[in-house]
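So the protein lines, in turn, are chains S and R.
Reminder that position 242 of the first sequence reads as 242 in UniProt numbering, one-by-one numbering, no gaps.
Reminder that position 265 of the second sequence reads as 265 in UniProt numbering, one-by-one numbering, no gaps.
DEER-style ranges, computed between Cβ atoms:
hint, chain 1, residue 1, chain 2, residue 2, range
1, S, Phe213, R, Gly149, 53 to 59 angstroms
2, R, Gly25, S, Ser221, 26 to 32 angstroms
3, R, His16, S, Ser221, 26 to 32 angstroms
4, S, Gln180, R, Thr129, 54 to 60 angstroms
5, S, Asp208, R, Lys42, 20 to 26 angstroms
6, S, Pro242, R, His16, 19 to 25 angstroms
7, S, Asp210, R, Ala6, 28 to 34 angstroms
8, S, Gln54, R, Pro85, 16 to 22 angstroms
9, R, Lys268, S, Asp241, 45 to 51 angstroms
10, S, Glu179, R, Arg254, 41 to 47 angstroms
Treat the hints as calculated values from the structure; they're not laboratory data.
Beta carbons are placed, not taken as given, at the ideal position from N, Cα and C, and that holds for glycine.
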Amino acid sequence: MAKKVEFMMGNHAVAEGALYAGCRFFGGYPITPSTEVAERMAERLPQVGGRFIQMEDEIAAMASVIGASIGGVKALTATSGPGLSLKQENLGYAMLCEIPVVAVDVMRGGPSTGMPTGPSQSDIMCAKWGTHGDHPVIAVTPASVQEQFEETVRAFNLAEKYRCPVIVLTDAIIGQMMEQIEIPEPGELEVIERPKPTCKPEEYLPFDLDKDFVPLAAFGSGYRYHITGLHHNSDGFPTNDPVLHTKNTKRLIERINKNYDDIVKVEEFMIDDAEVLVFAIGVTARSAKHAVVEARNAGIKAGLIRPLTIWPFPEKHLDKILSKNKIKGIVVPEMNLGQMTLEVQRVARGRCEVEGLYSLMLDPILPAEILEKIRRFV
Amino acid sequence: MSYDYAKYLRKGKLPHIWCAGCSYGIVLKSLIRAIDSLQWDKNDVAIVSGIGCASRLPGYVDFNTLHTTHGRSIAFATGLKLANPKLNVLAMGGDGDMTAIGGNHFIHACRRNLDITIFVFNNNIYGMTGAQYSPTTPKGAWATTSPYGMAENNFNITDLAIGAGATYVARTTAYHVAHCEKTMKEAFLHKGTSVVEIINSCPTGFGRKNKFKTPASMLMWMKDNAVNIEKAKNMSPEELAGKFIIGVLHKVERPEYLETYDATVGLKK
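Bound-form chain S, shown alone:
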């Protein structure tokens, strides 16, 4: 059977991906360049039995999706730079309280109100460290309209599987552009449903500190328990015990780290014999792939590492290539002033040169610019 092909905007593809994944609640607040996600959800959710609400501010939007998830419904919010800043406290709440939610950040130029219509990749560190305290983060980075759909589905799956918030970190170009998309059939992509607890309600430990995962019971399902953003014991009630504080913080981070192989997705392009690597995400990775092909045409052994998961950082992938290949250098093009480059340098541990290619010019970094950097290593 022929695939259902549409010409779709990236932000709409996020919305459609969310619906495919079973999302039935959206709480949002208008902000450029993410608003089309909200608009699409406002129209589409009621058609599939879901509810949409435009909240009074970004903070409330984040709070509402956490509340909806606690009510047992998969929930999405979407925002951009300033909104991501405002959502951070409640993102941290969802991390500590282990509430699955998905938040889309369509990156625009910052800081502050910045460049509202200008594409950027400058929230990479904000996605990781925006909320205070030590915490785990999962962030996925689509690079096409097709991936806006598929990575949103994956984001929901990861959120449900690992009981945590997941950020879809996209940018104003991928979000706003129109592109051909093949809509997956129902059942074609895996959709993970939230597991339900099977123990007796009186035995339910919603945050069992001795287990990696405990199913999250929905409020109203007969499991009465307490959720608090204070550090808490296995039963969910506050504790001031520094030993438990340490144990739970490490538990939350470790359970993401030790599932690296399941969470971290990377496209490796022409890396088998590569001597020069390009490390890029999102819209920049599209230029990077082009540059790698041009380099190959010119006889340069170039390859691309394109993370579709930027957090946790794909360090095992990078480390493996650096151990296997004799790499002369890594080019890191990014639409910011060097947020990913520092991470790549950390993982490279001096084994090769790492050179950033930064731009705040609001246009995609051109393949020719990346190619020029590649040439410097040969």
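With chain S held as given, fit chain R onto it using these hints.
Frame of chain S; chain R shown alone:
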């Protein structure tokens, strides 16, 4: 015969954190009696709070309880109610939590008229952080951040709720326990957003430094200065000077948000 609160308390989580003389324990008991009188299944009740002394209440009661971030209880409660409309959802917090940091959520909840209940525990001070002035600290009053006396004007919480469109607005006090229970019950039963301001006392943070020598004197102040709305109707402004009104201050019928939304969008169930 004394009332049996045990059915609703998480006994293992007591004693509570509130100071000796704090009125919140009294209001907690009124809340339990109000819910018990409705005979609601405990599984169908969710209590959502923000941050502060009052917001620690949910931890002590055996319902679905959600202690959220500062000021955000109503926003969490809104998402929860939309996800599961069968839940009876109470959002509650103190005066600072609800009308300062949470003020935006408060007014917009009133405007929307979603069927949730909001209780504001007003003790005129930020108690947990150590007696800083709140939007309801009376002019001239001492707080650690108004050591020369409160210079700002303050909110009238019920006027704020009425102005923002809440369809049930009432005031009661910790002292008037029977009235408090009755008002809470009415608020729970009201279809739409209902707001109850509950006048409370913080002897440690507020009373001690504002000429209330004992916790009891703060409760007596409530007794002496609260005027029931029915009685107030026959009193002159001069007679009402320095007093405050308790009772149902505003009650209107307006379409409830969720029903309106579901009908407007033709929600496919």
